[in-house]
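2 protein chains.
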Amino acid sequence: MKIVIIGSGNVAYHLARAFTENKIPVSQIFGRNKSNLQLISEEVHLPYSHTQLEDADLYLICVSDGSISDVSKLIKKDNCLVAHTSGSLPKEILTGNYRKASFYPLQTFSKSVDLNYAEIPFFIEAENKKDVELLQDLAESISEKVMVSTYEKRKYIHLTAVFACNFVNHLFARAKEISDSQEIPFDYFLPLIKETTDKIKILEPKFAQTGPAVRNDERVLKAHEDLIKDEEQLKIYKVMNESIKEMYEL
Amino acid sequence: MKIVIIGSGNVAYHLARAFTENKIPVSQIFGRNKSNLQLISEEVHLPYSHTQLEDADLYLICVSDGSISDVSKLIKKDNCLVAHTSGSLPKEILTGNYRKASFYPLQTFSKSVDLNYAEIPFFIEAENKKDVELLQDLAESISEKVMVSTYEKRKYIHLTAVFACNFVNHLFARAKEISDSQEIPFDYFLPLIKETTDKIKILEPKFAQTGPAVRNDERVLKAHEDLIKDEEQLKIYKVMNESIKEMYEL
Numbered sequence: 001m002k003i004v005i006i007g008s009g010n011v012a013y014h015l016a017r018a019f020t021e022n023k024i025p026v027s028q029i030f031g032r033n034k035s036n037l038q039l040i041s042e043e044v045h046l047p048y049s050h051t052q053l054e055d056a057d058l059y060l061i062c063v064s065d066g067s068i069s070d071v072s073k074l075i076k077k078d079n080c081l082v083a084h085t086s087g088s089l090p091k092e093i094l095t096g097n098y099r100k101a102s103f104y105p106l107q108t109f110s111k112s113v114d115l116n117y118a119e120i121p122f123f124i125e126a127e128n129k130k131d132v133e134l135l136q137d138l139a140e141s142i143s144e145k146v147m148v149s150t151y152e153k154r155k156y157i158h159l160t161a162v163f164a165c166n167f168v169n170h171l172f173a174r175a176k177e178i179s180d181s182q183e184i185p186f187d188y189f190l191p192l193i194k195e196t197t198d199k200i201k202i203l204e205p206k207f208a209q210t211g212p213a214v215r216n217d218e219r220v221l222k223a224h225e226d227l228i229k230d231e232e233q234l235k236i237y238k239v240m241n242e243s244i245k246e247m248y249e250l
Numbered sequence: 001m002k003i004v005i006i007g008s009g010n011v012a013y014h015l016a017r018a019f020t021e022n023k024i025p026v027s028q029i030f031g032r033n034k035s036n037l038q039l040i041s042e043e044v045h046l047p048y049s050h051t052q053l054e055d056a057d058l059y060l061i062c063v064s065d066g067s068i069s070d071v072s073k074l075i076k077k078d079n080c081l082v083a084h085t086s087g088s089l090p091k092e093i094l095t096g097n098y099r100k101a102s103f104y105p106l107q108t109f110s111k112s113v114d115l116n117y118a119e120i121p122f123f124i125e126a127e128n129k130k131d132v133e134l135l136q137d138l139a140e141s142i143s144e145k146v147m148v149s150t151y152e153k154r155k156y157i158h159l160t161a162v163f164a165c166n167f168v169n170h171l172f173a174r175a176k177e178i179s180d181s182q183e184i185p186f187d188y189f190l191p192l193i194k195e196t197t198d199k200i201k202i203l204e205p206k207f208a209q210t211g212p213a214v215r216n217d218e219r220v221l222k223a224h225e226d227l228i229k230d231e232e233q234l235k236i237y238k239v240m241n242e243s244i245k246e247m248y249e250l
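Chains as they are written, first to last, in UniProt numbering: chain A, 1 to 250; chain B, 1 to 250.
Some clues are possibly wrong.
[Stated by the list, open to error] Result set (DSSO-like, lysine-lysine): computed pairs, CA atoms no more than 30 Å apart in a straight line: (1) A:K194 to B:K176; (2) A:K111 to B:K176; (3) B:K73 to B:K91; (4) A:K176 to B:K201.
[Said to hold, decoys possible] Away from chain B, derived, C-beta distances all over 12 Å, residues of chain A: (5) I24; (6) R32; (7) N79; (8) K206.
Hints in this document: simulated from the structure, not taken from any laboratory.
Computed from a prediction, not measured in an experiment: that's the story for all the values here.
Each residue gets a CB set at the ideal place from its N, CA and C atoms; glycine is no exception.
Take these sequences, add in the hints, and give me the full structure.
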């Protein structure tokens, strides 16, 4: 089976690496950004092109959501399988006469961070059983956690990830604003953060909740509100505490 | 120096353990809850009492914020040092003629979770230099990260911790509600969560932000809002995205 990866961003880079590390041959990495492609090609030892899309059995489109439809039109072939890697779009966004699929790795990708690919969950969807199996096999060659998933389900996966990852990172960013303002090294909070995320491996997050809101400690809540000078920080502070109280019926 | 720990909760337990593991003798653990004290005493091999507070040079009060003042009145001695372990109260909450101090470990404590005490930051405050040094030495016998801190600063430390830990845990709890509703194992999100928290060790959280809001992806934001059925989840979703947009001036 000939595989072509389309895209030159972080998802393309990490998928290319994951495949080659697991001895899955990739025929080409194709994209617009020649210098990015060159870098990936050198590191992962793959042929690349930014002009000539190679013939393949499977195209994996690893570009931003807004570009998937346009990029998918570059594939003029009918007898092939095309999958995008977006968590938030249906496979029908792909525009062509080929068989359509979704191949969604649930991970946040940065070029500078090494990943243990075996741990990354993959969610698969395709038009027919054979294609599902093909993509499942492919994902299982990288990862130990592969699940078939409808588009509907994938939307909730993405939403869960936004809460558990994007918003969590933003809380770190807001927390650092506060500690920076007092010249307290943000490093000092890393053990606490590690403990917070370690704890949910053995305890349901609902049962691991600590802090003033779950203790219904109005004195501390009020004192904190007085301490916060930034409007966005204050909005977050209030909404999160209200939500904690609602969850524990306080 | 004779040390007595007052309290029988998670902070008392972990401080008792941290001291004995580091060969700092503790004379007594004192509290109201006899069965808790018994459990700690058996595990950590310390004498305990729920009736007779022993004479000591240093009392460490490890009880909930609301009880510190009352508990501190049990110490009738003048010539001793008394420290509480709260992040959110001044040392003046202590009521007695002894020297007052704060000995604040920045960590979330659960009895069931083992901790690397060497990594836990301690923030110290006392009335005079000698007591500051005494508490600093004591904290440094446990931890590598000890900092002198005023009450004012401690309030911001606590506030930062609420954002980076309590609220983060609550996001995990809300995220799990969403994944549970679709029968997606919450386990699948643990690598993503680990990656999110690993990333901030090498990258400032502000520069590690991903997700629809920082991409200003109105389509996904709107689709997610339509997907969310729970009122509290929706409030969090909106406030966090607004705050992300504000931070990146989108």
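Outcome of the hint check:
Restraint check for K194 of chain A and K176 of chain B: the C-alpha separation of about 19 Å stays at or below 30 Å, so the hint holds. For the given pair, K111 of chain A sits about 28 Å from K176 of chain B by alpha-carbon distance, which is consistent with the 30 Å threshold. Restraint check: the Cα-Cα separation between K73 of chain B and K91 of chain B comes to about 13 Å, which is no more than 30 Å; the hinted pair holds. For the hint linking K176 of chain A to K201 of chain B, the alpha-carbon distance of about 12 Å falls within 30 Å, and the restraint holds.
The beta carbon of I24 of chain A sits about 20 Å from the closest Cβ of chain B, which is more than 12 Å, so the claim that it is off the interface holds. With a least beta-carbon separation of about 18 Å from chain B, R32 of chain A lies farther than 12 Å from that chain, consistent with its non-interface assignment. With a least CB separation of 31 Å from chain B, N79 of chain A remains clear of the 12 Å interface cut-off, as annotated. A cut-off of 12 Å between C-beta atoms contradicts the statement that K206 of chain A is not in contact with chain B; the least separation is 5 Å.
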